[in-house]
Amino acid sequence: MSTSLQRGIDTLIGQIDAPTASFFTSCVHCGLCADACLFYTETNDPKYTPIHKLEPMRRLWQQEYTFWGKLMKKVGLSKPVTDAELAEWEPLVYDSCTLCGRCSLVCPVGNDIVYMVRKMREGMVASGHAPEGLKDSTQRAIELGSPMGLNLNTLKAQIKHAEKDTGLTVPLDVEGADYMMVLSSAEIADYPEIIGAVSRIFKQANVSWTLASDGFEGTNSGIQIGSSDLAAEILGRIVHAAERLKVKYVISPECGHAFTALRWEGPNLIGRPFPFQVIHIIELLDELRSSGRLKTEGVDETRMTFHDPCQMVRRGGVIEQPRNLLHMVAPNFVEMPDAGVQNWCCGGGGGVSANHRAEPVRIKVFSRKKAQLDAVNVQTIVTSCSNCRTMLLDGLENNHMDIEVIGLTELVAEHLADNAEGKAS
Amino acid sequence: MEQELLLWVRGTGLQIASAVFLIGMVYRMLHILLLGRKHSLAQPRGSEWSGALRTLWKRTFVSTKLSARGNFTVITGFIFHIGFFVTFLFLSQHIDLIRAVLGLHWPAMPRGVIDMAAVLAIGAMVALLVHRFVDPVKRLLSDYQDYLTWALSFLPLLTGFMLLREIGFEYITLLTLHIASVELLLLVAPFTKLAHMFSTFISRWYNGAVNGFKGINI
Chain A
1 MSTSLQRGID TLIGQIDAPT ASFFTSCVHC GLCADACLFY TETNDPKYTP
51 IHKLEPMRRL WQQEYTFWGK LMKKVGLSKP VTDAELAEWE PLVYDSCTLC
101 GRCSLVCPVG NDIVYMVRKM REGMVASGHA PEGLKDSTQR AIELGSPMGL
151 NLNTLKAQIK HAEKDTGLTV PLDVEGADYM MVLSSAEIAD YPEIIGAVSR
201 IFKQANVSWT LASDGFEGTN SGIQIGSSDL AAEILGRIVH AAERLKVKYV
251 ISPECGHAFT ALRWEGPNLI GRPFPFQVIH IIELLDELRS SGRLKTEGVD
301 ETRMTFHDPC QMVRRGGVIE QPRNLLHMVA PNFVEMPDAG VQNWCCGGGG
351 GVSANHRAEP VRIKVFSRKK AQLDAVNVQT IVTSCSNCRT MLLDGLENNH
401 MDIEVIGLTE LVAEHLADNA EGKAS
Chain B
1 MEQELLLWVR GTGLQIASAV FLIGMVYRML HILLLGRKHS LAQPRGSEWS
51 GALRTLWKRT FVSTKLSARG NFTVITGFIF HIGFFVTFLF LSQHIDLIRA
101 VLGLHWPAMP RGVIDMAAVL AIGAMVALLV HRFVDPVKRL LSDYQDYLTW
151 ALSFLPLLTG FMLLREIGFE YITLLTLHIA SVELLLLVAP FTKLAHMFST
201 FISRWYNGAV NGFKGINI
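Quick mapping for you: the protein sequence lines, in order, are chains A and B.
With my numbering, you'll find the first sequence wraps up at 425, consecutive numbering, no jumps.
With my numbering, you'll find the second sequence wraps up at 218, consecutive numbering, no jumps.
Please note: incorrect hints may appear among the correct ones.
To be verified - Lysine-lysine pairs mimicking DSS-like chemistry, simulated, CA-CA at most 25 Å apart: (1) A/K70 with B/K193; (2) B/K65 with A/K47; (3) B/K193 with A/K74; (4) B/K193 with A/K47; (5) A/K79 with B/K193; (6) A/K73 with B/K193.
Bear in mind the hints are in silico, worked out from the structure with no lab data behind them.
Using the sequences and the accompanying hints, generate a full structural model.
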């Protein structure tokens, strides 16, 4: 893909729509968004103020879409956006923004700031100013099929393990199944227990499901880097597989951005509505619970809390479902301060975890999560995003905190009622 | 001479300023809205309208926990806006003017209340200006427009208060200055961030619509 300053500027100008114009018009520079951003609250560095991360885009809006801006540009009094400026802004747009969307909740004039950061990234990619780590993972996703370089053989090996552990057959490429399960890279590489867990849950609940050999990877680096073209190519594999297998539903994995990519951006990326529905695994489990198809027995007395992944709550609206599931099996479940829509990010969303340059600041701002955790004193954190899970583990390790991190689907699977066939011994 | 100037300011001057304000604002808002946006092809989980209307109202109050600097901004900002609108909408002379132009009227507030509202609004504005200088976040974000619009909003309040109290100048001079300062505000508002007085509602609508579409009750 050819990149240049002019392409970047053209892309940014093209990204400006009615919402963006209203947001830039409305901003009164009150600075409240700084208070919502963990990169500011944990560093006190004003450059991390969310709206400031959009400064080059704001000036382009002013120069192209406002009366005074156009006039100033004509008489040569406006400051043009330069390559050097975009290079300077790259760490602000990528390293210190996880697209968590907290800033969009606090703005008193109603600006959806994260909506604009997502757009700003389109221009950054087009101008060649995206972080190396994220470029590499996107390239691997395009060329190899997975940002972590995993392939079908890796998946098949994990399926084999899961089948051995559970005594169940993991369905692959079953045409006409109701549900097609998609996984995240981190699940396949680091948390393959998920395959056995869903196999057992779906067996008990009598869910007709399958994995697809040509559409199993849900992680969408294209969304994170901000390239709709690449995001569409990565997503297209899942859509193609789901259409080939004629499924009714595609299940988003425990991965925040995979959910956003599939559920909300997906049809817009490929330019047509999906012929299937998208449901997050946690939404599905809660549906199975409420219809009586998912039954658990026994409880885990451990004092545990739930980390809401940003793309699941603020950006995804899956808020009550994980709590309903936790209440089935975890009597000592407690909420962190700010839990739910106001929860603080793990620090590694939005591609930050794939961007090595961001590591020092990511580790620094984990102090926010640490403060939340210190307030509840738990032994276990449950979450429903494998990237959050890895970031939490990393942050806990760096802070010498002895807390276990587990996935919610696995926790539920561990307490499946006895009548579940094929229950692991 | 002074009389003539006052007559022009309250006649032709006010008409020009009002026309620029109205036409400018309508143009500015239409310009925003006509840029349009892509309608999502994803399956909605809720209603854009209910989310939009909820955010239109609820965003008036900040629901996120803020730092001391954030709370200062919110509280001082509230005092300024309330003080400004109380003096603007409930001073009997203003109501007379609105009745003369639009035919609408409502009861005035007692002068003591208006005085207090004006003093609070002026005090809040001074505090916000000082905060803009000393707070590192606001200082970084601020540009000339922030100071220009501050001054343009401050002058009508200040001259209006001086007029009521007859401080500094002759009544006619103060009245001329007060009306002229309002005209300046009206002339500039559509082309600066003062346009937020209307665009805020568009912003909140779009922000809330996205959440409403996703079925997120925020």
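| query | For this structure, which hints from the list above don't hold up? | reply | none
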